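Engineer: Each chain, letter by letter, is given below.
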Amino acid sequence: MNTLLSVNTIVRPLLTATITVILLVSIGKTGTVHAAQDEHNTAAQLSVTPKPCVALRKGQTCYLEVTFNWQHPKVGNYCLVNATTNHTLQCWEQHTKGEFSFDFQSSMSHDFALRKQASTIDIVSTTIPVAWVYQSSKRAKSTWRLF
Amino acid sequence: MTTLIKQHHRASHFLLASLLLTSVGFSGTSIASDISHKLRQSTEANSATENYFELGLGIATGIAPNLTEDDQAWTSGYLVMNGSYTWHNAFIEMYGESGDGLLLGYNAYESDNWSLDLVVGPQFSGLDSDEKFAELDDRDTSVMLGGRLTGYVGENVLQFTLKHDIAGNSKGMLATALVGRHWQVRNWNVHGLLGVQYFDSNINEYYLGVSEAEAARTQFTAYTPGSNINYTAEIGVTYPISESWVFRSTARFNTVSDADMNSPLFATTRSTRTSLSASISYVF
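Each protein sequence line maps, in turn, to chains A and B.
Here the first sequence is numbered in the numbering used here, starting from 410 and rising by one per residue.
Here the second sequence is numbered in the numbering used here, starting from 468 and rising by one per residue.
By construction, these hints were calculated from the structure, which means they are not laboratory data.
Note that the coordinates shown come from a computational prediction; the quantities given were computed from them, not determined experimentally.
Certain hints may be false.
Some chain A residues flagged as far from chain B (calculated, every beta-carbon gap over 10 Å) [what the hints assert, rightly or not]:
#: 1; residue: Pro461
#: 2; residue: Ala464
#: 3; residue: Gln469
#: 4; residue: Thr470
#: 5; residue: Gln480
#: 6; residue: His504
#: 7; residue: Glu508
#: 8; residue: Phe509
#: 9; residue: Ser515
#: 10; residue: Lys525
#: 11; residue: Val533
#: 12; residue: Ala540
#: 13; residue: Tyr543
#: 14; residue: Gln544
#: 15; residue: Ser545
Short derived list, chain B residues pointing at chain A, Cβ under 8 Å [unchecked claim]:
#: 16; residue: Glu517
#: 17; residue: Tyr519
#: 18; residue: Thr528
#: 19; residue: Arg648
#: 20; residue: Gln651
#: 21; residue: Asn654
#: 22; residue: Asp667
#: 23; residue: Pro707
A virtual CB, placed ideally from N, CA and C, is assigned to each residue, including glycine.
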C-alpha cells in the first residue's frame, strides 16, 4: 500500500509534467507554423505597373496595358485574381513567382490579389485605381424655369 | 476665343491678322463654340462638367486671309484659359478655344435630351493698333445676348445659337447651327464638328465695312458688306495625360465668304482658312 502510494506520488507529477511538455511543444509547434505562414505571406509580393489609369471624364471606360509581378517565398499553386469581380486571371502551379500582362478596361478601380489555388484568402493584394480629369454630374431633370 | 485672340493681339501686329480673321472674319474659332467643349469632354446627355479651371499653353499654325501682311501662313503661341462655375442654374464659363470666350448664362430649360441656355458675353474684337487702321473709327467689342439650344440626338450633339449685340456697337445678329459627335478610342477622345454660321449685315458692316467718312480720310475705299454665311469643319483629339494635365489638338477648316473678302481692310484674301493647333493644360 505504501509502495503503491509512493508510486502514485512519483508517477502523477511525472505524467502531469509529460502531458504539459507535450502540450507546450505542440502549442509551440503550431505557433511556429502560423508564424512561418505569416512570414511567407508578409514576404509575398504583388505589384502592378503602370498605374493609375486616367480617363478624361468620370464614368468613362479607362484603358491601360498593365503587367503584374508576384513572388512568394514558398513553392506552391497560386492564382492572380481580380478581387473586385472574383475573376481568376491566371494560375501558376509549383511556382514562386510569375508575371502576367493584360489590357485593363474599366470605369472604376479594381483590386487584385494573389491567392492559393482554390482559396478565397488574399495572400497579398494591389489596386489599379481609376482616376479622371473632369468630374461630370447629372443635371436635374426639370421643366421650364423662366417661361 | 477671347483668350486666344487677346493673346494674338498682344503677340504682335502680325498676329492681329489672325485675330481679325477669327474675330472679324467670324468663322474660324467662333463657330466651334462650346459644343466642342461638350464634345471634347465627352459629356453625356443631360449632364454638365462640374466647376473647374485650367490654364495652358498652345501653339497654332495655319493659312488664312490676312489684314496686315502679305504672307497668309501664320504660326503663333497662345494661352489656354478654360473654366466653368455653376451656381444653381446660373453659370459663368470660359472656353478659350471656342468662339464665345467668357460667357454668362442661365439654364432656363432642361429635359432628358435638350437644354436651353440664355447667354450673354463679349464677342468680336475690333481693329487693333496696326498703323494701317489708325485713321479708322474704333471697332469695339460687341456684347452678344441670346439663346443657346443644345440637343442630344442619338450619338450626335446639336447646338443652335441666336444672339444679338446689346452694347449698341455692331447692333448685329449672329446665328449658328452646329452638329458634332465624339468617339473614344481607348483613352483618346476624338470629336468631329460641322457647322454653319450666319452674320447679318450690321456685324459685317461694323467690323469689315468702310464708311464714306473713313474712306475720305484714309486710303481705303468705301465698302458696305451684306450678310454672309460661313461653313466650318473641325476634328480634334483630347487626351488625359494625368489627373491634372490634358493634351488637345484640333484641325479646322472654314470657308470665308465674299462679304468678308471684298473688304478693303484685308491685305491678302483667300476663300478658305485652315488651322492646326495643339495645347497642353493644367486642370486645377
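Engineer: For each hint, tell me whether it holds in the structure or not.
Structural biologist: Status of the hints after comparison with the structure:
1. At the 10 Å boundary, the C-beta of Pro461 of chain A falls inside the reach of chain B, the nearest C-beta of that chain being 8 Å off.
2. Consistency note on Ala464 of chain A: stated as away from chain B, yet its beta-carbon is not over 10 Å from all of that chain's, at 6 Å minimum.
3. The beta carbon of Gln469 of chain A is not kept farther than 10 Å from every beta carbon of chain B, the shortest such distance being approximately 6 Å.
4. Interface exclusion of Thr470 of chain A from chain B breaks down, the closest Cβ pair being 7 Å apart, not more than 10 Å.
5. With a closest Cβ-Cβ approach of about 29 Å to chain B, Gln480 of chain A is found to remain outside the 10 Å limit, as its non-interface label requires.
6. No beta-carbon of chain B comes within 10 Å of the beta-carbon of His504 of chain A; the shortest separation is about 32 Å.
7. The claim that Glu508 of chain A lies off the interface holds: its Cβ sits roughly 23 Å from the closest Cβ of chain B, which is beyond the 10 Å cut-off.
8. In this structure Phe509 of chain A is separated from chain B by more than 10 Å, as the shortest Cβ-Cβ distance comes to about 20 Å.
9. Here Ser515 of chain A stays apart from chain B, with its beta-carbon at least about 12 Å from theirs, past the 10 Å limit.
10. With a least CB separation of 35 Å from chain B, Lys525 of chain A remains clear of the 10 Å interface cut-off, as annotated.
11. No Cβ of chain B approaches the Cβ of Val533 of chain A within 10 Å, the least distance being about 26 Å, so the stated non-interface status holds.
12. A beta-carbon of chain B is positioned within 10 Å of the beta-carbon of Ala540 of chain A; the least distance is around 5 Å.
13. For Tyr543 of chain A, the requirement that its beta carbon stay farther than 10 Å from each beta carbon of chain B is not met, with the minimum near 5 Å.
14. At roughly 4 Å from the closest C-beta of chain B, the C-beta of Gln544 of chain A falls inside 10 Å, breaking its exclusion from the interface.
15. Once the 10 Å rule is applied to beta carbons, Ser545 of chain A is inconsistent with being away from chain B; the minimum gap is 5 Å.
16. Because the beta carbon of Glu517 of chain B sits about 4 Å from the nearest beta carbon in chain A, less than 8 Å, this interface hint is met.
17. With its C-beta approaching chain A no nearer than about 6 Å, Tyr519 of chain B sits inside the 8 Å limit, and its interface hint holds.
18. Interface hint status for Thr528 of chain B: violated, as the beta-carbon distance to the closest one in chain A is roughly 25 Å, over 8 Å.
19. At its closest, the beta carbon of Arg648 of chain B sits 15 Å from a beta carbon of chain A; the interface hint therefore is violated under the 8 Å criterion.
20. At a threshold of 8 Å, the smallest CB-CB gap from Gln651 of chain B to chain A is about 7 Å, leaving the interface hint in force.
21. Among the interface hints, the one on Asn654 of chain B holds; its C-beta lies about 5 Å from the nearest C-beta in chain A, closer than the 8 Å criterion.
22. Here the hint on Asp667 of chain B is broken, as its CB sits about 26 Å from the closest CB of chain A, past 8 Å.
23. This hint holds: Pro707 of chain B has a C-beta 5 Å from the nearest C-beta of chain A, less than the 8 Å allowed.
Checked against the numbered hints above, the structure breaks hints 1, 2, 3, 4, 12, 13, 14, 15, 18, 19 and 22 and satisfies the rest.
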